[in-house]
Amino acid sequence: MNKTININLANVFFHIDENAFIKLDRYLKTIESYLAKEESKDEILQDIEARIAELFTESMTHEKQVINLSQVNEMIAIMGEPEAYKIDDEDSTSTSSRARTSRKLYRDIENNYIGGVSAGLHHYLGLNLIVIRLIWIVSALFSFGATVAIYVILWAVTPAARTTAQKLDMQGEPVNLSNIERKVKESYSKFADKVGDIDYDKYGQQTKSGVTKFFDGLGEVLKALGVFISKFLGVILLIISGVVLVGSLIFLFSFGTISIFELGDFTTMEIFSLGVPYWIQVVLFFLVGAIPFFYLLILSLKLLFSNLKSIGKISHITLVGIWILCVIVITTLSIKKELEVSYDAEVVEVKSLALASEDTLRIKMDANLLFSDELRQSKLQKIVQDESNTSRLYSPNVYVNFRTSNDEELKVRVTKKSFGSSESQARERASLIDYDFELQNSNLELDTYLLTQPEFLKEDMKVEVTVYIPKDRIVYLDKSLLDFSRVRNFKRSYYNTYLDYKENTWKPLDSSMKTDSLTLQN
Amino acid sequence: MKIENTKAQMRKGVLEYCILSVLSHDDAYVAEILDTLKSAKLLVVEGTIYPLLTRLKNANLLSYRWEESTGGPPRKYYGLTEDGKDFLSELSETWTELSFAVTKITSKKQTNDE
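Chain order of the listed sequences is A and B.
With the first letter of the first sequence counted as 1, position 12 gets the number 12 in my numbering; the numbers rise by one all the way through.
With the first letter of the second sequence counted as 1, position 80 gets the number 80 in my numbering; the numbers rise by one all the way through.
One thing to keep in mind: the hints can contain errors.
Pairs of lysine-lysine residues, derived as BS3-like cross-links and limited to a Cα-Cα distance of at most 30 Å, are as follows [stated by the list, open to error]:
1. A/23 to B/7
2. B/57 to A/37
3. A/23 to B/76
4. A/41 to B/76
5. A/411 to A/336
Hints are computed from structural coordinates only; laboratory data are not their basis.
In this text the structure is predicted, and so the values were computed from the model without any measurement.
Chain B on its own, in the form it takes in the complex (with noise of 0.2 Å):
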């Protein structure tokens, strides 16, 4: 059991819901959620973003567009899809319950610890 694996599942599967509620807002493309996310220390560097955002578009939760841009290369914009829609409602259900379970769990041990 490495520690780097058990942060990298947890991590993964926090990131997946993550990028979803930052497209619910509003269609976006790679470097707005990228901005998103790194001002939330969620993410340090970019790199794991580019395979998570293929999976999510090839499990059909997003989809994208092309969008020119001034100077650079053209954009890919995300969006959610209607699947990814009722995925992200799910998974903020399950947020939820985990986060309280978690709190809860965790500062009962820290009141039997003292």
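The shape of chain A in the complex, shown without the other chains (with noise of 0.2 Å):
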């Protein structure tokens, strides 16, 4: 079944299939435009359709008889190709130049499966249709379903094939490489003719023609040469937007639902965190990034495909407010994090230790060989499993200090510092810090690492320590405090040997007295 336009040639009322009244209006269509310089071209069309009526009249053979393909064939045959219409010899080298309908991309709507963008590509790019959808369903598996967003975004912005003239645009001449090369070196060659066509005998005249058709046919050279660039850039923004736009939604998606469903650790796989649960903030971050990544797919859809569609006024708005929404919160957010550090709070523990009269004090740093097998302090915080299989955040921020105690007892002052949104909060996490130091006969062993919650691993948290040395004794300072000491004017060279801790100041004992202590000591 075929559906039928009524149509008027020159007065008379003709019945014709709808595929052959497509041919029927192309081949009028391109007639129109190869006489378009002509004066009465509307004269000379009417004198045609008069003929081509003529001609279906005497092939009908009864008056209700539906004109078809093959009578708008014959007729053609009769009347000759488009080209045939064209007498003029002056225009006889602008062969080039009569309307080539350059193809369009619209959605086909009579073949499609979802949105008819398949079929729309197949017709704009010569893929078969089949390898397309192929393409399609491939890149979605692989991709986790993110193509599915450009086909979407595609199946917005291109207009659907409804009208003849839509239709035709969509199987019109296609726009490849070799096209656009042919377009360059024809207007190339058109300019060329021109200039050389100079008559020298009438030079003034013909100068000054020359001089505006060889301009007429540099623009058209810049004209295919733009139309060259502004698809090159087109294919590649659409590559770049494409292949952002892809990641980004993996990332919401992979990121996102691991996060919701709480599959992941995510203390130790976060990057900075906002204090709001980690779904939103990838949320926030995905649109951030995409809408204006979105923006360059749209734009470079638009070098590409002339005659896209508006994703229209609402869209636009709703995507710029949510960007702009995305990126107060963000912010907002950041600086709500910042404000969040601002106090800061510490807790004391002062401990007196027994310590035998007269013996020598060693101190050393202690490192715990389940968390780290180094006695250097690293700048790393990292989340182990204690004794007991409970993670913990382990943290090197120790730092000792020395100081003559004003009696005869040794004392060891532990600050715990930590930061808070409010003073006591700051208190409380402070005071979850767990440090530890022991007295052995006479050798203090101070841990080189505090323990806490894993949720502050950003906090900065820190321990100092405070040793205070009764008076009148030899110290020897064991040289792993290298790294966790603050002593100022303390000599590298002090460590591993006996010293004399008065008033706040070391002196190394003399050699006599240092070979004593080490016969005291053995």
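Two independent chains are provided; combine them into the complex using the hints.
Structure follows, in structure tokens:
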């Protein structure tokens, strides 16, 4: 079954098949474009239409017959291809300038499965329809459905081919590299011809037209180049924005869903936290990143396909609005987060230790092999498992200082420091810091690390240890203190030697004393 | 220089002369002119004639009148104007000269070749 269209050719009424009509319409339009420069174009066209009407009438066997494609083809065989209508010798070089309709991207809503995007691309790119659909499906599988979003965008911005003209445009001359190249060549040869045509006998008059023609030709070359560059740019932008969009969609779906279902340990994965549920953060960053690239994608599509429709004012306002909102939310959250760490508090514990009088006090740092295998202070905080298999935050932010005690007791003062959005919160957090030291005989062993709750990873907690040394004691500082000690005017060579500590200053014992004490010690 | 351009230029002049000649005997409508031209194989497809006729008419060499036809649309019957008759006689002279010159030159060339 075929749709028929009623037409009026030179005041004669015809029924014509739709496909025959499309061909006839195209034929007449092409002729019209060839005759564009003709003075009495309309009159000539009327004559032509009258002749076509006559030919159709002759070919009809009965009055109600419908004109079909074969009759149109016969008519064209008699009348000649559109080129035949052009007899103008001046224009004979401009064969190339006849109106070629460039192919345009439309959705083919007659051959659609979903939105007709694939069928439209099939017309536009000339690729096999099944191949295009397979590419969509396969890429959707590999990108976890992200290319589906690109399909939807194409669906939204590509107009459907509804009218005959649109259907013809959809199947028009392919826009490919060889065509663009040909266009450049044609316009170049045209301009070369025009320059070559200058009749030097009529120099004055024709130079002028030669010059204008030169610039006309140059203009066309530039135009073709412009088309080529914009298409090239379009392809590059399309690839960039496509990859970024697909990437950020994968990011959104993978990280977003993992955190919603709490499948991962996010205290270690977080790059920086805004203090909101992780999936909200993922969505915010996705929107802020994806919306500009979405516009880049639209831009590239517009460069590639000239006839795309706008996505609509409301969509624009919504998208830009969402983007601004997200930026505001992220800024606000970051500022809030900054303010959150602005209160600091400390918890102090002082412990007196029984030290047998006259003993040399030996002080060293003690690492826990369970957490770290080095005595040096690294800046690395990490999540560790303790003996009872609970997760703890391990931090090497331990600093050691020394003072002279005002009595005979050895005292250790531990200051635990933390930040928080309020002073009480900071204090509460500080009190959750675990720090240990031990006096065995006359050996004071200080932990190289502090332990606390894993969620304080970003809180920059630290412990300051002050050791109050009783008067007139000989002190031996182990070299393991090197990284942790904050003593001023302390020479490196003082480590691992016996020292006299008086009035907050260190003085090495003279060698005899040192030997003595060594003997004593041994 | 394209062969098509040269051919089209040659044919165009001859075609104008021939159309005027056909109309010199009697007024005719397009299909009749076409029949004559096609039977002589001067014209293969019809399209070319329409712009040509309109130009000749615009140049005041031709005039036309409408006549009803049986079954089809009304027809344009073309005829020569006084200007057209003068134009045709001038063209006839030129053609005679030209065809003499062309025949002489081309045949001479052939003998030279041999």
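The hints, checked one at a time:
1. Annotation: proposed proximity of residue 23 of chain A to residue 7 of chain B holds, straight-line Cα distance about 29 Å (limit 30 Å).
2. Among the hinted pairs, residue 57 of chain B with residue 37 of chain A is consistent with the structure: their alpha-carbon atoms are about 17 Å apart, no more than 30 Å.
3. For the proposed pair residue 23 of chain A and residue 76 of chain B, the alpha carbon gap of about 26 Å is at most 30 Å, so the pair holds.
4. Simply put, residue 41 of chain A and residue 76 of chain B have alpha-carbon atoms about 17 Å apart, close enough for the 30 Å limit, and the pair holds.
5. Using a Cα cut-off of 30 Å, the hinted pair residue 411 of chain A and residue 336 of chain A is violated, with the two alpha carbons roughly 40 Å apart.
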